[in-house]
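Student: One letter stands for each residue in the lines below.
Number of protein chains: 2
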Amino acid sequence: MGEFDFIARHFRSLAGEGAMELRNDGATMRLSAGEELVLSSDTMVEGLHFLPDDPADTIARKLLRCNLSDLAAMGSRPRHYMLNVSLPAGRHYDDGWFAQFAAGLAADQKQFNISLLGGDTTGSPSPLMLNVTILGTVRQGEALRRDGSRPGDGVWVTGNLGRAALGLQARLGRIDGVDEALVQFYRVPMPRVGLSLYGIVSAAMDISDGLVQDCGHIAEESGTAITLFEEKLPFLPSVKAHMTHHRELILLGGDDYELLLTCPVEKEAALQAHCSERDVPVTQIGEVTAGSGVKMLDRRGEPIQFSRTGWQHF
Amino acid sequence: MGEFDFIARHFRSLAGEGAMELRNDGATMRLSAGEELVLSSDTMVEGLHFLPDDPADTIARKLLRCNLSDLAAMGSRPRHYMLNVSLPAGRHYDDGWFAQFAAGLAADQKQFNISLLGGDTTGSPSPLMLNVTILGTVRQGEALRRDGSRPGDGVWVTGNLGRAALGLQARLGRIDGVDEALVQFYRVPMPRVGLSLYGIVSAAMDISDGLVQDCGHIAEESGTAITLFEEKLPFLPSVKAHMTHHRELILLGGDDYELLLTCPVEKEAALQAHCSERDVPVTQIGEVTAGSGVKMLDRRGEPIQFSRTGWQHF
Chain A
1 MGEFDFIARH FRSLAGEGAM ELRNDGATMR LSAGEELVLS SDTMVEGLHF
51 LPDDPADTIA RKLLRCNLSD LAAMGSRPRH YMLNVSLPAG RHYDDGWFAQ
101 FAAGLAADQK QFNISLLGGD TTGSPSPLML NVTILGTVRQ GEALRRDGSR
151 PGDGVWVTGN LGRAALGLQA RLGRIDGVDE ALVQFYRVPM PRVGLSLYGI
201 VSAAMDISDG LVQDCGHIAE ESGTAITLFE EKLPFLPSVK AHMTHHRELI
251 LLGGDDYELL LTCPVEKEAA LQAHCSERDV PVTQIGEVTA GSGVKMLDRR
301 GEPIQFSRTG WQHF
Chain B
1 MGEFDFIARH FRSLAGEGAM ELRNDGATMR LSAGEELVLS SDTMVEGLHF
51 LPDDPADTIA RKLLRCNLSD LAAMGSRPRH YMLNVSLPAG RHYDDGWFAQ
101 FAAGLAADQK QFNISLLGGD TTGSPSPLML NVTILGTVRQ GEALRRDGSR
151 PGDGVWVTGN LGRAALGLQA RLGRIDGVDE ALVQFYRVPM PRVGLSLYGI
201 VSAAMDISDG LVQDCGHIAE ESGTAITLFE EKLPFLPSVK AHMTHHRELI
251 LLGGDDYELL LTCPVEKEAA LQAHCSERDV PVTQIGEVTA GSGVKMLDRR
301 GEPIQFSRTG WQHF
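Chains as they are written, first to last, in full-length UniProt numbering: chain A, 1 to 314; chain B, 1 to 314.
It should be emphasised that the hints constitute simulated quantities derived from the structure, not laboratory data. Some clues are possibly wrong.
[What the hints assert, rightly or not] Simulated restraints, written as ranges between beta carbons of each label pair: (1) P281/B - G223/A: 51 to 57 Å; (2) Q184/B - G223/A: 44 to 50 Å; (3) H92/A - R300/B: 46 to 52 Å; (4) A273/B - E17/A: 32 to 38 Å; (5) G34/A - G141/B: 17 to 23 Å; (6) Q184/B - G152/A: 55 to 61 Å; (7) S126/B - A99/A: 22 to 28 Å.
[Said to hold, decoys possible] What the simulated footprint calls covered on chain B by chain A, stretch by stretch (three residues with Cβ under 8 Å from a Cβ of chain A suffice, anywhere in the stretch; the number is not a length): (8) 21–28; (9) 111–122; (10) 291–300.
Where is the CB? At the ideal position from N, CA and C, for every residue including glycine.
Next up, chain A with everything else stripped away, as it sits in the complex (with noise of 0.2 Å):
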């Protein structure tokens, strides 16, 4: 099987404008005048981000699904995304897996409106890996960022927290009873994209290591601390009903893909106002003070004790 008869086969549907049918060294894109380019880079390595049993189509809908919430965590609209497949021989990533996989591209690529421009084809001695440089754009200077949190400014999250983390745990078979959709809900997240928060948040990011660990980064970008209320974060009750044997888990999340903002007060009600026409649900979950670091208190108003804070990426 060669490199160029395999991306005719797989991926040549997939090519948008700009891609010239992934027959050249490289692609082109445009840009309209008063926009910028947002760019974001993110793998997937079998065995770390994904098992080798996990089907193809959910496989390509994550990797697209990871990227492009981290466009949305800038407030840029998806445009275009090279993939870099790299291949071990003789394992069954063959046309069919292939076949599978093309076609979650293709799922996603019509939901959120991207196509494929380019990429690359190696081999790969041992596991599958996976990458997407995603290109999205925004009005110049308009691109969200972390380190803008101030003082007195309230944490917000999207949606919920906690699916992703559990549905992990129950995919590899070590907490049992837990809700099959928040397995599918680990494989498939839902990036964020589609909300205009510019001049209303200062500071975005999406949660992808956990609540805690990414409001620290939030933090130490901004030269501020955080605060996180254990009784104000939003849970399923589907997750909930796993609190007491797996807080922890639960509380330092992961793989949420949801959006953690920080609002000046006199912004949350445009928040508020913008999320809810877009039906998405927004909580306030904590506060901005000075100082450094992130705390969560529970119930009592005591600091949690965490063994860890999220996900090591190695």
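Please build the complex by placing chain B on the supplied structure of chain A, with the hints as guidance.
Tutor: Frame of chain A, contents of chain B only:
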């Protein structure tokens, strides 16, 4: 070692405008009026594209240069790159290794006037995998393509051929008596950035998979045939010295990162003048004809039978 400390230690000093010091989920980039973006992506896998004991700085520079060569092939000016690293634990890829790797990136950033925009770092169960997506600009509509060659055009190549193929075999200990400079060229090729061939050449690509195979891409995408003349191919004396015993290796090459061009007869003088001004040797090595496929004729005018066409990616 956490991802964030690792990035700060080795890569923050490489970050350019729009990278937000690598502190965000992504990065931004602006284009000038009348420009469009050109993108390309290349992955290098330990054991396939480099050896674990290759010098870290040359691995870094080759990674950038393969990508720079793709931009050169499209006539694009390099601007930025995204870097993705998948890092196996418990190996020699430690802080010392990455300091040297970052020094290689820094040297080539300076040489080619580019900067790091962002990327991603993950673990890897086994091989070190390195990926760059490179971003350049070109005047709108002026990206060079592979599909424009027409019967009657000449086939041209910059520089000379076969150095990297011999250098690699010497590096692997399979051929003795090879000039050390060829090994060095294999490790650190020279992308032909800086030419402005729009309006002169009818098709362009860089030679990465080998002359014959890459001519095949131009022929196929253009719907033409290509005839190459062995006696016209440019080789250094240090390469020619091995022609008797390693003719096929040298003729099929690979990893040259020279530009393969097709040029209408009436533009030949312009091509030669443009390259001459920039001290880039350029040689006519064949012709485009009607039909399909690629053949190379020996000095008696007989087609050479090869046992393979070039590098197979997997």
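Student: Assuming the hint says 55 to 61 Å, is it satisfied by the Cβ distance from Q184/B to G152/A or not?
Tutor: holds (59 Å)
Student: Range hint 46 to 52 Å: satisfied by the CB atoms of H92/A and R300/B?
Tutor: holds (50 Å)
Student: Kindly confirm whether 51 to 57 Å is satisfied by the beta carbon distance between P281/B and G223/A.
Tutor: holds (55 Å)
Student: Tell me if chain A covers the region 291–300 of chain B under the three-residue, 8 Å CB rule, please?
Tutor: That given contact is violated, which follows from only 0 residues of the region 291–300 of chain B lying within Cβ reach (below 8 Å) of chain A.
Student: Per the coverage rule (Cβ-Cβ under 8 Å, at least three residues), is the region 21–28 of chain B covered by chain A?
Tutor: holds (count 6)
Student: Confirm or reject the claim that Q184/B and G223/A have a C-beta distance inside 44 to 50 Å.
Tutor: The hint (44 to 50 Å, Cβ to Cβ) holds, given that Q184/B and G223/A are roughly 47 Å apart.
Student: Could one say that the CB atoms of A273/B and E17/A fall in the range 32 to 38 Å?
Tutor: At 35 Å between Cβs, range holds.
Student: At the C-beta level, are G34/A and G141/B separated by a distance inside 17 to 23 Å?
Tutor: holds (21 Å)
Student: Given the hint of 22 to 28 Å, is the C-beta distance from S126/B to A99/A inside that range or not?
Tutor: Since the Cβ atoms of S126/B and A99/A sit about 27 Å apart, the hinted range of 22 to 28 Å holds.
Student: Mind taking a look at whether chain A covers the region 111–122 of chain B? Criterion is 3 or more residues with CB to CB distance under 8 Å.
Tutor: This one holds; 6 residues, not fewer than the three required, reach chain A with a Cβ under 8 Å.
Of the hints listed earlier, the one the structure fails to meet is number 10.
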